[in-house]
Amino acid sequence: MSKTHVSAIVNGDPAEFLTEPGRTLLDALRDDLGLTGAKEGCGSGDCGACSVILDGRLVCACLVLATEAEGKRVETIEGMAEGGVLHPLQQKFLEHAALQCGFCTPGLLVAAKALLAANPDPSESEARYWLAGNLCRCTGYDKVIRAVMDAAAEMRQAKVTA
Amino acid sequence: MSEVLERPETAGGFKVVGTRPIRPDGVDKVTGKAAYGADYVMPGMIWGRIKRSPHAHARIVSIDARKALALPGVKAVVTAADFPDLASETVEGGEAAANLRDISCNCMARGKALYEGHAVAAVAAVSPGLAEEALDLIEVKYEVLPHVIEVEAAMAETAPVLHAHMFTEGLESRPEKPSNIAKRNRLERGDLAEGFAAADHVIERRYVTPAVHQGYIEPHACVAVMAPDGQCQVWSSSQGQFMVRTYSAKVLGIDTADIRVIPAEIGGGFGGKTTVYLEPLALALSRKSGAPVKMVMSRDEVFRATGPTSGAVVEVKLGAKADGTLTAADLTLKYQAGAFPGSPVAPGTMTALACYDTPNFRITGYDVVTNSPKVAAYRAPGAPIVAFAVESCIDELALELGLDPIAMREKNAVRDGMKAAYGPTFRNIGYIETLEAIRDHPHYQAPLGPNQGRGVAVGFWFNAGGESTAAVHINDDGSAVVATGNPDIGGSRAGMAMMAAEALGLPVEKVRPIIADTASIGFSMLTGGSRTTFATGMAVTQAAQKIVADLKRRAAQLWDIAIDQVEWRDGQALRLDKPDAAPLTLAALAAQSARTGGPITAQVSLTAQGAGPGFGAHICDVEVDPETGHVTVLRYTAAQDVGKAIHPAYVEGQVQGGVAQGIGWALNEEYVFDDAGKMENSGFLDYRVPVASDLPMIEAILIEVANPRHPYGAKGVGEVPIVPPLAAVANAVSRAIGVRMTSLPLSPPKVRAALDGR
Amino acid sequence: MAPAQYYAPSTAEDAVRALAAAGARALAGGTDLIVQMKSGRVRPEAVVDLKHVPGLVGIWRDGEAFVIGAATPGAELGEHAGLTAAWPGVTEAACLIGSTQIQGRASMGGNLCNASPAADSVPALMAARASCVIFGPEGRREAPVETIPAGPGRTSLAPGEFVLEIRLPPRPPRSSDAYLRSIPRTEMDIAIVGAGANLTLDATGVITGARVALGAVAPTVVLVDTEVLVGAKLDEAALQRLDAAARAVCRPIGDKRGTVEYRTKIAGVLARRAASIAYERALKSA
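Top to bottom, those sequences are chains Z, C and D.
Position 131 of the first sequence, counting from 1, maps to 131 under my numbering, and the rest follow consecutively.
Position 464 of the second sequence, counting from 1, maps to 464 under my numbering, and the rest follow consecutively.
Position 93 of the third sequence, counting from 1, maps to 93 under my numbering, and the rest follow consecutively.
Chain Z on its own, in the form it takes in the complex:
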């Protein structure tokens, strides 16, 4: 089985790897690039723990072939904080205790970031439906949704005052 060379931009930096045709983007991120923040909870796109943003679109990395990433921009949880400064969503998740085991947290944060990029002022219901593809078994989603809504409010405020 021959391997394919793939070049992509991962979290703003050029990244290259060799991959077999059946491997997924999630395999490549975790095993080849050492970016283990995206998690495999199901391997079938049903849990969202592997959420990444691919050329601006929220996707499950487990349902993207690694070869498809050629020439694309990939954003993962590892790229969310800027330098040492947490993204407002990350900070609000901490303040609201919106995680327990933390396994679904990277996927939820990436998905929430995509939500606020598409809709800076979501209703609670819109946030819940957007995040319906991110399973969390620990929190009952209550504090997750509060954290997302609070971060959205803060980010809107920051925009107004900026």
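Just so you know, these hints were derived from the structure itself, not from any lab.
Fair warning: this is a prediction, and the values are worked out from it, not measured in the lab.
Heads up, the beta-carbon is just placed ideally off N, CA and C, and yes, glycines get one too.
Take these hints with a grain of salt, some might be off.
[Claimed, not checked] Computed far set for chain Z versus chain D, every beta-carbon distance over 10 Å:
{"hint": "1", "residue": "G12"}
{"hint": "2", "residue": "A15"}
{"hint": "3", "residue": "L18"}
{"hint": "4", "residue": "E20"}
{"hint": "5", "residue": "G43"}
{"hint": "6", "residue": "V64"}
{"hint": "7", "residue": "R73"}
{"hint": "8", "residue": "E82"}
{"hint": "9", "residue": "M149"}
{"hint": "10", "residue": "E154"}
{"hint": "11", "residue": "A158"}
{"hint": "12", "residue": "V160"}
[To be verified] Which chain Z residues face chain D? A few, computed with CB under 8 Å, are given here:
{"hint": "13", "residue": "G45"}
{"hint": "14", "residue": "S51"}
{"hint": "15", "residue": "C60"}
{"hint": "16", "residue": "L65"}
{"hint": "17", "residue": "G71"}
{"hint": "18", "residue": "E75"}
Based on the hints, put chains C and D in the right spot on chain Z.
For chains C and D alone, kept in the frame of chain Z given last:
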């Protein structure tokens, strides 16, 4: 909620306990840096996979691995022949006592495969793809046997018998024939006939619940290596590194001292990670191959071969006087154990009537083996199943007697000084307070619309104590490290740091908690039974208190005064004989530790007793679509006695998470098997755990009736919240549609059928 | 899960050549194919990624008609204001397929060619009288969408053929559509029943054209006899006629997702509800 972060609360005279600091492991978890089981990589690592039985019940005639081993890159294959044939022996170490032989035979089938998905062989190869390819090359010949999964079918005389050596325990006399009923247990009080004779109203019902899975999002994963001298290291995600060590050593027949288990971050467990599946296999593959072996389950494997909790049938007969006073209860609990004995039917019987002061009762439990995965603990094991039955029946009684469902429960509530149905006498319980809290909550008075219903239910869990160890080390700058042996499954590190900080008088940021490996801290029972904050927290607090005593001695030595002239307050030593003298801070004492006896450390190991049982009372509102049968949960309020909330946000989180799991169990979750005994819904698409849009906000009301046995009054909180929701939801649906729902899940087809039959 | 080859052809002709080889499978969004490869249900020799073929991704107008590239992710449909205004039922069906993450990938072409009887977009497309343009060794051809799925997991496409684009007909005045499905949760499920309805009204609100299609109630998506609606307003009597007509065409299986009885009843319910929404939308569109 965030404003609470701004002000340190001092309720109860505490400076740290009861506040909501950011958890010490939080940044790692929001930046993707926290390392879970599957995130570990070792030099020279190879990959293990498991060959699983496609049959629900089959004799293993032969296993031929020659073709697999001939595939280049395949390094080892193991089967039951690679593990000692253990005697039946009970060991402690998990959530409950477990049989070693059963653990071994569940990890790797010996002679017979007892459920679809049962491991029959394991292979290790240099890549995941090759290991996968090798699986198909392992040839297993089976003689397929008749199977049985449904609990009552398995109890029938004519049922296929899983274990020829198994004779029902707990009967008056030893039975003559083997059976799938592993054990019968019974609790009794008073005179049943007299009790029912005194009743004005008697209800008799049969309740059915399906097997459901814990549904943690992280699949089981480990990396294990065994060196040629037999020394092993294991990195794995579990609820107890010591449990992994004990079980792995026993299953492999090696010394405990030869295994060091390093706990990974754990991505949810809920009881399901209180046993081993992969670690002994990975070690055996490493022993054969000489390489570190990584094993990660797929979601399909998690559903087919781990967890779940019992599917069950519970029969309830309740008698009450016209005023609602319970006179008698007769309960029969039949719980699936899966392939090996050990369903949670015993705690089911013990919790069944724990909320009720019942003069006459008989509770009978049956632990029944079936051709389905061996059940594992699931949050308040056994309690939600029987609470669904009892709380539904109480609700129906209240309706028929024209009583308010909360008043009905208040009338029969257990109180301090009463003897619990399961034996001990209740002390310092906060049950009545939870009932009052929901009764007086605006939710309970809020108007309901058409097709809407409101359900009430209560729940109980013992909470556990047990063995724990904690060590506290003071650093040279006066900051501290707290080490414990309990995996942090939902924020317990924060609680440990807070309790140590409170005792030491330090800000919580000065205390850094770690979860130590099995070679670096004394034994601790696993994280389960809602024991960690209570038992390990007690060890942490006592270790911190020992440090304080030591610091006072050191200060007295430096000041050359008697120890009783030193007071410890706010992280510094004060002179009582000279109140104006400059205090000695912890930092100052730490800097001079060489002169006062060396490093400042303390370790405490203990067996914690007096965990303090927990009670909860819930209200649930639903709306039912009368045409589709779809149920929407509109509002949910849960009151719980938590003793003292060390970190209230994480206590609320436990309540909210438990409620969400209970709602899933009530509405959509279930194991579905086909006629051949194969699971049909082994993925998150058709095993339907609640998603964000399925749930409303869940209001958690924390009641604090302090537990005098804990230094800060804490009681266990994690399990109680999953006990009431099954019945709270079912009672709400039943009241909304006017039909009593006695079989879970309340999926749309079932609710529509009930509507059509009404 | 290990195909030997991955191709990403940049012309339709190259795609045809790659797809004509034995064991080749077309990849659009991958949300069905990759799952099936992982579970071992399909073991393709080669995967042919069609997304680089011109015209496979995008939404545009051809005169009065909307054209949707077959591999366009569902999320793009939902974001297209013009398409959503003209065909709200088609776009809501596309946006119901899986989660936000799945919508970032899953396409109408994939949904159609995966040939699941429960595919969400197909009843909506059928109700809309959508057609698709197919490209293959014999060149281009156009066919109604309902001719593509031949049964669960099977299509009528010849070797080497693939769906290039989906075409929605011009939208007459006073017409609109809707799609509804029944699932146990609120998201993330496969439809137990799906119903697409597309209605055209006259100036007085009388229905002059109606098409209702049902998913997951037969081996392929089925059309309801909507003669029962034409010539009437959508009053209670008309709705009851539609309910009965919908139930009459059901030939469902009973499985882990729903019983025969439930599916049949819900087909009637959803047909009524989808038609009611389409009717309201059509009135407003006037």
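Of all the hints given earlier, name the ones this structure violates by number, lowest first.
Structure breaks hints 4, 5, 6, 17, 18.
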